[in-house]
Every structure is written in C-alpha cells, then in structure tokens.
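**Student:** In order, the protein sequences belong to chains A and B.
Residues in the first sequence are numbered consecutively from 1, following the working numbering.
Residues in the second sequence are numbered consecutively from 105, following the working numbering.
Derived from the structure by calculation, the hints contain no laboratory data.
All values reported here derive from a predicted model rather than from experimental measurement.
Every residue, glycine too, gets a C-beta built ideally from N, C-alpha and C.
Just so you know, not all the hints are guaranteed correct.
To be verified - Distance ranges between label pairs, derived from CB positions:
| no. | chain 1 | residue 1 | chain 2 | residue 2 | range |
| --- | --- | --- | --- | --- | --- |
| 1 | B | PRO225 | A | ARG79 | 43 to 49 angstroms |
| 2 | A | SER28 | B | VAL132 | 50 to 56 angstroms |
| 3 | B | GLU270 | A | ARG79 | 50 to 56 angstroms |
| 4 | B | ALA222 | A | LEU40 | 55 to 61 angstroms |
| 5 | B | VAL157 | A | GLU97 | 43 to 49 angstroms |
| 6 | A | ARG33 | B | ALA241 | 37 to 43 angstroms |
| 7 | B | GLY242 | A | TYR42 | 24 to 30 angstroms |
| 8 | B | GLY254 | A | LEU21 | 58 to 64 angstroms |
| 9 | A | LEU21 | B | GLY242 | 58 to 64 angstroms |
| 10 | A | ALA34 | B | GLU270 | 29 to 35 angstroms |
These are the residues of each chain, in order.
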Amino acid sequence: MSETKPTKPYPLRIPENLMELAEAKGRSERTDRATALRQLLYAGAEGYAMELLSRGRISSGKAAELLDTSVHRVHEIARERSIEIGANAEDHRRSREATTGLLR
Amino acid sequence: MSTIVVDADGLIKLGKSGALPALLSAFVVLVPEAVWAEAVEEGKRRMYEDAHVLQRELVDGGVEVVEDVPSEEAEVLLRESTASFGAGERAALSVFFVRGADAVLTDDRAFIGLLSGAERPVPALVPTAAIVALAEAGRMSFEEAQEALGRMEQSVREDALEAAVEDLNAMRKTEPKPEGEER
Numbered sequence: 001m002s003e004t005k006p007t008k009p010y011p012l013r014i015p016e017n018l019m020e021l022a023e024a025k026g027r028s029e030r031t032d033r034a035t036a037l038r039q040l041l042y043a044g045a046e047g048y049a050m051e052l053l054s055r056g057r058i059s060s061g062k063a064a065e066l067l068d069t070s071v072h073r074v075h076e077i078a079r080e081r082s083i084e085i086g087a088n089a090e091d092h093r094r095s096r097e098a099t100t101g102l103l104r
Numbered sequence: 105m106s107t108i109v110v111d112a113d114g115l116i117k118l119g120k121s122g123a124l125p126a127l128l129s130a131f132v133v134l135v136p137e138a139v140w141a142e143a144v145e146e147g148k149r150r151m152y153e154d155a156h157v158l159q160r161e162l163v164d165g166g167v168e169v170v171e172d173v174p175s176e177e178a179e180v181l182l183r184e185s186t187a188s189f190g191a192g193e194r195a196a197l198s199v200f201f202v203r204g205a206d207a208v209l210t211d212d213r214a215f216i217g218l219l220s221g222a223e224r225p226v227p228a229l230v231p232t233a234a235i236v237a238l239a240e241a242g243r244m245s246f247e248e249a250q251e252a253l254g255r256m257e258q259s260v261r262e263d264a265l266e267a268a269v270e271d272l273n274a275m276r277k278t279e280p281k282p283e284g285e286e287r
C-alpha cells in the first residue's frame, strides 16, 4: 500500500463546463489543469467509495485500497461526511448471541 | 482461553475505546500480517497517533502476528461473495479457518455479512459487543465499559452504541448489590 500507484493514459471527452471548473481550480490552487482534473475525479471516487462502504458492498480495507489510503483515513472520511459505517444494533445483538460463552 | 482473529477495522475502533488491553488479557488474539500492515504500519506512515498506541498495546499484550496463509474454505467464501474485500479481511478469514479460531473481531458491515452468510457461520465479535462481554466477565468495571463505549461514539453506529449501553445497564440491574445497599 505504501508504493506510488501506477497511472495510465485514458482517452476521455470532458464537458466544457467541467474543464472550466478544473481551470478555475487550477488557477486558485496554482496547479495545472490535469492535476486539478485528477483531484476532482478523486473527490468523486471518494464519495462513491464511501457510498459503497456504507451499503456494505465493499469493506473498509477495500475502500482504503481503492482510494490508496489507510483504514484510519477511511474512518476519518466517514466522520467528515457524516456517513455511518459499521455494525448496526441488529449486528450487535447477533454478535452477542454468536459469541456467548467465549469468555466463560 | 478462546482465540479471536482481528481485522483492521475492529482493531482500530476497539483501540480508540481503550478496551484493547482488557481484550488482550481475556483472549488469545491473532493479528494477520496484512492486518498489522493496515492498522499499524500504514497508520504510522500516515502519521496517525492511534497507530502508535495500537502498536504499543498489541506488543505489550503479547499478540501473535500471524503469517498470511491461504485457506480453501476462505477462498470459496470470498469468491462467492458479491462484496469486495481488502487484503486484511481476506487474511483474517484465512487465519480464522487455518488456526481454528473462535471468532473474528470486526465492525465492518460487508465483512459481517460475509461471516454470517457462510454455510457454517463464522462468529463475528463487534467492538460494542466485545466491551459488554468484557464487563460481563468482570474484565472491565461497569464504569470502564461505559467510558470505553463513550470513546467510540464517533466511530460506531449510534444504534449499535445505544444497544450496547442498554445491555450494560441491564447487566448492572441484575448484578447482586452488596449487603445493606438499597436497591
């Protein structure tokens, strides 16, 4: 997880309004348009990964791998976006039943 | 003593609660190498103080860091699942089967779904349930358990936390009071 992720070129038609947005972002953050576009893409990917995580379609470890970050950061993103992840009350009850006697 | 395998999600959340030392004294805890990498090494690399605390508590508690070994039973379960898992969860499942552990500590919904849906269900120990169980077994006092749950407020679902507090309060009501104390 610690190495830089490889990139590959991909041909893509980008709507002019999004290109304008990337240019504005690039100007305000003093970066180039391609970097600004990648940052916007990543922000969208982060939101989608968190949605999949909250629906139980991917695990937190998988979310960390997809976003090239740590499980600690995945928990942080969930808190920042007020997304509830993790076991619910029903899971808690099932867990209590399934693990009865482990400590006796 | 029962044996549990941990994933990074469950480990990080229980670490935040401060209940990890109690858990380590009550169970044989197995940490797969991939989980150690996710929860400790990767966290430290990205400057999470929690990761340093985790490392210290795990080392002091004498956990066994287990080599990631393949398990056919785990592979079949993972292949048939509609959800996707990271290296840590995959390793935790394999270690559970290979080492014949009693439960998996996790708070991950996708992973809990996989464990409970198995033909031979794998017991999932979620952090809120672990804290209640530790209090029931006298490994933590009522107050310590209450504080531990409070520290997880930002990390676990509200309804799971409420269910755990209810369990804890119910447990306290049924505890015998010392002689002479009013009920």
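**Student:** Hints first: check each against the structure and report whether it holds.
**Tutor:** Checked hints:
| no. | hint | result |
| --- | --- | --- |
| 1 | B:PRO225 with A:ARG79: 43 to 49 angstroms | violated (30 angstroms) |
| 2 | A:SER28 with B:VAL132: 50 to 56 angstroms | holds (54 angstroms) |
| 3 | B:GLU270 with A:ARG79: 50 to 56 angstroms | violated (24 angstroms) |
| 4 | B:ALA222 with A:LEU40: 55 to 61 angstroms | violated (40 angstroms) |
| 5 | B:VAL157 with A:GLU97: 43 to 49 angstroms | violated (31 angstroms) |
| 6 | A:ARG33 with B:ALA241: 37 to 43 angstroms | violated (60 angstroms) |
| 7 | B:GLY242 with A:TYR42: 24 to 30 angstroms | violated (48 angstroms) |
| 8 | B:GLY254 with A:LEU21: 58 to 64 angstroms | violated (42 angstroms) |
| 9 | A:LEU21 with B:GLY242: 58 to 64 angstroms | holds (59 angstroms) |
| 10 | A:ALA34 with B:GLU270: 29 to 35 angstroms | violated (53 angstroms) |
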